[in-house]
Amino acid sequence: MKRVLTLAALVLAAGSHTTSASAQTAAKAPDPALVDAYMKSTFGKAPPEWQARIEPDETLKTCNAYHNEVPSAEADKITARELARVVYPADGKFLGNWKEGAKIANNGRGGQFSDPPDTVAGGNCYACHQMEQKEVSYGTLGPSLTNYGKDRKYDPQEIKNAFTKVYDSQAMFACSNMPRFGVNKVLSEQQIKDIVAFLFDPESPVNK
Amino acid sequence: MRKTVIRSAAAAILVLCAGSFGSHAQDASEKEIERYREMISDPMSNPGYLAVDRGEALWSEARGTKNVSLETCNLGLGAGKLEGAFAQLPRYFADADKVMDLEQRLLWCMQNIQGLDTKDVIARRFSGPGRASDMEDLVAYIANKSNGMKIDIPLSHPKEQEMVAVGEALFYRRGGVNDFSCATCHADDGKRIRLQGLPNFSKPGKPAQETMGGWPTYRVSQGALRTMQHRLWDCFRQQRWPVPEYGSDVITALTSFLQKQAVAGELNVPSIKR
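Just so you know, the sequences run in chain order V and S. For the first sequence, position 149 (counting from the first letter as 1) is numbered 149 according to this note's numbering, and the numbering increases by one without interruption. Position in the second sequence (first residue = 1) + 1000 = this note's numbering.
Wrong hints could be hidden among the right ones.
[What the hints assert, rightly or not] Among the chain V residues that face chain S by a calculated CB cut under 8 Å, a handful are:
1) Ala29
2) Val35
3) Met39
4) Ser41
5) Lys45
6) Asn68
7) Phe113
8) Tyr138
9) Asn177
[As the list claims (entries may be wrong)] Non-contacting residues of chain V with respect to chain S, defined by C-beta distances greater than 10 Å in every case (computed):
10) Asp91
11) Gly92
12) Pro116
13) Tyr126
14) Thr146
15) Asn147
16) Tyr148
17) Asp151
18) Lys160
19) Asn161
Source of the hints: derived by calculation from the structure; they are not laboratory data. Here a beta-carbon is modelled for each residue, glycine too, at the ideal position from N, C-alpha and C.
Here chain V stands alone, though its shape is the one from the complex (with noise of 0.2 Å):
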């Protein structure tokens, strides 16, 4: 995102008649028709729910075009629309049960063409992210979760901000690499309140 700000300011400043970093990222990007032709042929056969799935939304459009690194007037457009989305618990609870998170959090099945089809899907936290420290097989996609809610010194506030960012990530970041598993409806709200216990809960591993 920085990285097309500096461009753009670049090419301002160099007086090129380019008026935008967008303008450059439209002027390489192939025609949109072409590419679903590619994909049609690739994935034409697939039943039609699958192919929902890989149809862009308005958000993931945004994101593609720009290779992720939106600029800022795209980013308030896209956070403003998926916050929107974002379905809080009717009870005002965030909190669920920690232990039900740590299986969750484990969990990488789901969603998989290989999956059978009653598959409960996981969250794949780990996948990405380090959480309690035990846990030596994880991933660096995304940066160290161990001490989220001893940190946030288990702020309710912080607590809110994790429901949200699980349900739907990109409400607090455009063009997360992270999914939005409430709006995808990976896993279910009280998967994500188990979830959200899992990081804030001070007898959670992940604050040991």
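Chain V is fixed; fit chain S onto it per the hints.
Chain S alone, transformed into the frame defined by chain V:
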């Protein structure tokens, strides 16, 4: 003789892989395999070379309604010329008016030169226990004929340029229940998912060169020779996308894009990987 050497080598790798995949164990076995890989840079003991031998026999076997071999198939450098052909694929073929990767091209030659019904060949596109794959064997044989050569795909034809441009767009195209694209996992240096290292393909250079210079490969964890078609099929699975059609244009576009990032990388195949 060669077979026994290979078999014991394969057995040793299997032992390495069969161990617990607890994270420490995996880390350790990763190192072991690395050491092992160096040890068996001797082609005589890489099980992938069995596929090369089978591929050589298939290449010259008369088949199809026309009962001829593939030996007049033009892979881009002239009829039957194999040396260096793989290093320059995918490329545009005027007779098919299409940019093709090696597997698409082989299917085309089977259909048009041999008059072979490729249904069975496609059904066996990925080998399994007791099921050999003609495609894997042929790719192993043909790719091996580019060893020591540098990846250098032609980009002068407009359709070749289109392939790479679409491949790049597809690399960044997000979707599926997790909003993943190739770039989610392959656009940063030094990242890993769980414990598996993720090469960065978003820019030209070493990670792309070393990766593309090592496919096709003998995959120890699967006990089989695999081609880029299988690798991308597996990545689409992890990406939570639908099953990609074998030998179809999205795979070729992505392969063209990866090859462009890998230009000047040296081929040494079949390699051996986890």
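- Item | Structure versus earlier hints - violations, ascending order | 13
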